[in-house]
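Heads up: the protein sequence lines correspond to chains Y and U, in order.
Numbering follows my numbering, in which position 187 of the first sequence is assigned residue number 187; successive positions increment by one, without gaps.
Numbering follows my numbering, in which position 46 of the second sequence is assigned residue number 1046; successive positions increment by one, without gaps.
Wrong hints could be hidden among the right ones.
[Said to hold, decoys possible] Straight-line alpha carbon distances no greater than 25 Å define the calculated SDA-like cross-link-like pairs of lysine to any residue that follow:
(1) Y:K15 - U:A1475
(2) U:K1548 - U:G1363
(3) U:K1279 - Y:E313
Hints are computed from structural coordinates only; laboratory data are not their basis.
What you are looking at is a predicted structure, and each value in this text was computed from that prediction instead of being measured.
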Amino acid sequence: MTEVQTQNDYSFSAKDLKSGSEVKWCAGCGDHAILNSLQQALPQLGHKHEDIVVVSGIGCSSRFPYYINTYGMHTIHGRAAAIATGVKLANPHLHVWQITGDGDALAIGGNHFIHAIRRNIDINVILFNNEIYGLTKGQYSPTTTKGKITKTSPYGTIEMPFNPGELVIGARGRFFARTVDNNLPLTTELFVEAGKFKGTSIVEVLQNCVIFNNGTHAMITDKEEKDDRQIILKHGQPMIFGKNKDKGLILKGLQLEVVTIGENGITEKDILVHDAKMANPILHLMLISMKLPDFPVAMGVIRSVEDTTLNEEMDEQIADVKAKSPIKTVDDLFFHGDVWEVK
Amino acid sequence: MNVKTVVKHLNKVTIRFSGDSGDGMQLSGKLFSDASALFGNNISTFPDFPSEIRAPQGTIAGVSGFQVHFGNTEINTPGDYADVLVSMNPAALKSNLKWLKKGGTIIIDIDSFEDKNLLKAGYTSNPLEDGSLESYEIIAAPITTQTQELLKDSGLDFKSILKTKNMFALGLTFFMFNRPLESTEHFFEKKFKDKPTIIEANKKVLRGGYYYAENVNAIEPHIIDPAKIEKGFYRTVNGNVATAWGLLAAAENAKLQLFLGSYPITPASEILQELSKQKSLGAHVIQCEDEIAGICTAIGASFAGNLAATSTSGPGLSLKSEAIGLAVMMELPIVIVDVQRSGPSTGLPTKTEQGDLLQTLYGRNGESPCIVMAVTTSAGCFDAAYMAAKLSLEHMTPVILLTDGYIANGSQPWKIQKTSELPAITTRRVIGKLGNNTAFLRNEDSLARNWVIPGQKELMFRIGGLEKDSNTGAASHDPENHQRMCKLREEKVQRVANFIPDLEVIGEQSGDVLVVGWGSTYGHLLSVVEKLCAGGGKIGLAQFTYIKPLPKNTADVFSRFKRIVVCELNLGQFASYLRTSLQQFKYEQFNKIQGLPFTEEELKKHFMNILEAK
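With the rest of the complex left out, here is chain Y:
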């Protein structure tokens, strides 16, 4: 099944991924950068250009397939995960990317989102999280911060939001990464990692909606402060962050704690080393849940645990049954069992 091919055979560039359609997102929308990142990432994966399928639901981000020159499906609200699952099961040599937003994936499509993850179907999900409904012009979403004033919460929302990564872990997710729209190199790198990962990979992109929720991630993305407010995790590397690279995370009892290297006798050796491949998700969950102002927000590949995929399991089971069954054709099925002849 897996053919080894040199990358040259399939080479294509970011330019080949530009579709003829005019990109109609608002000027300054984070979506432009995410599109750009995926166009940078896809040629690095060594996949055939014509084997890529991009599937989306409904929302601003879901216009994505029209703007990228691959096979594309722009479908209905919330259902992209189910449609992408069908594409992959039916034709597993295709590389399937699902584009979705916080409303599409976590509200109307919440059920398909968790079940795709549970089944570990080999698709890549880019979750644009701008904490607002943009295409319907500014209603609160399942990730909107509690208390926020929106068109449907004029006195502030009274609902607790989801943290998407927590949901991924709750659904037994094997791959979760997080990035911000204005960090193009990191976003591109994570898309490449997600593309390589066998199984459902979720990349949450903290994305800014300039019109309806401008600055919702500003605390995290602030140019001056971002190094203190984000920690970019890398597998096998110590969890160090900060402008001066002097801050780190340690485990104290069952809690994470931010420490400063050089203070209170802390040395680099005391800092936790990130293990994205650890099957036990507890530490990953703690990293996903870190919030400002007490903690930096975790970026990078937080969890990446290989497991069998739904599409592989299905094809293996079919091959196994085929090998053992006397029924090889539909005619065999018809004549199998209680059949009688009228002469």
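Since the structure of chain Y is already known, use the hints to place chain U on it.
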């Protein structure tokens, strides 16, 4: 006990097995049907069970029934009323007596007619003693105690012994109608392969019932000869299995992988179960998280080049509406099987009805046309599912195939058709770019677009739920283009009429009354129209399999009759559709909505009145 000839005519007989949900009446009925089919009789069956899996034992709510009609003439229905009623307890007798012909035979387990059970069934006096059953022949067999006696040395526990008493009842009926025991014994050997004690126990009780009937001389055996049946190989299928096999055959002939995305729902689950079994034929089946995912995975699979299907019942069809609209807009082939049940909402989930027709035609936002078909018989589900797949693939449009609980669960002998004898399927699949060939190029005759499967460098395209330009396929908000596309999608479906068979009339080809039906009412309507024709009535039957589009000769057929009576198990949905489609005719209605099929008796009475009134 009277010893009499209990069955008056021997061309055909109807038996109804009834008992508590846990008494195994469905199995008794199935085994009797199988033995009869193997013996060479025509059969038609009708399982009638409650929606509760195990309602309180001994109560009316917990009664489960199975009716089988068998004989050597044509058998189109499971029979209105039974000649023989088997009732394992008082509740079964009480709730099923209305289905027994006057003067028919009742076989009961006398052991169960105790005060406690009589009370549970709501009897205030014992019907065996109060004279209320005087007009029937009663065979009171001690089924429970005989079964216990037969198995006292079997080593089985009390509960397991009682479980086999349905085989004693079956044995009684086998003697009564001279059925061979071998096929049923063979069934035990297969079903309980690793449990020799259970095999022996079932065989012993089956034979016990058979010999009991012989020994006590309570029942006179009857001979019902095999029917004159067209030569060929046969097997028994029910509607759901036949539907699943029709899809498998279509996939094989179209050289495509079959994909089913589905969610369990009564009475459609068996399609999902059957295709889950057929992995050796490469069927890719996923039991989804919900009905919506069922059709959405299928839409994804269709885009990726599979013959894709989803199976459901009415409430599930409601949930799938938006996604069907997407498949209409994307012009993707997909088969949606709706095994109708009584609605609205949860309704009578195990009972049959034809209540979803207007939902299939109009139940989506926007102008959203697709092909709608309806199956007429259990065995006919095979051909209909095959044709649904063929039309979907050749015309690049969703097809909704309507069956219902009655034909889905009912079984019939099916003459096996080899896949090579079925009509060829020519998909719209395009491989390689030829000139200006794109995913959006249409066939001039059918207006179906090309089916481009991902993996082809030259043909990459984007498609979605947004309106598309009629030439380029790009998303378009142009007002005139939208009108053009809405008309085009409707016209594409209407042109399917050029590819389907004409409507046939059974009985008189012109005359006083045209009986119009669709789907599963076929058997009942046919039996009645044939009888009335034989009696000189100028009456014909037009049974529709193709609903949208209607066959091309429909207006011609309608114009040949003075009166048109549309018969449906709803409040008049097809009649309403015909009134808008062919407005020049006047339509009368005959409707029933009780969760049950028509009876021949009520149909006959109605048409007799019409014929006499002219």
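To see whether the hints hold, each was checked on the structure:
The suggested pairing of K15 (chain Y) with A1475 (chain U) holds, with an alpha-carbon distance near 22 Å, which does not exceed 25 Å. For the hint linking K1548 (chain U) to G1363 (chain U), the alpha-carbon distance of about 14 Å falls within 25 Å, and the restraint holds. Straight-line distance between C-alpha atoms of K1279 (chain U) and E313 (chain Y) comes to about 13 Å, which keeps the hinted pair within the 25 Å bound.
Of the numbered hints listed earlier, not one is contradicted by the structure.
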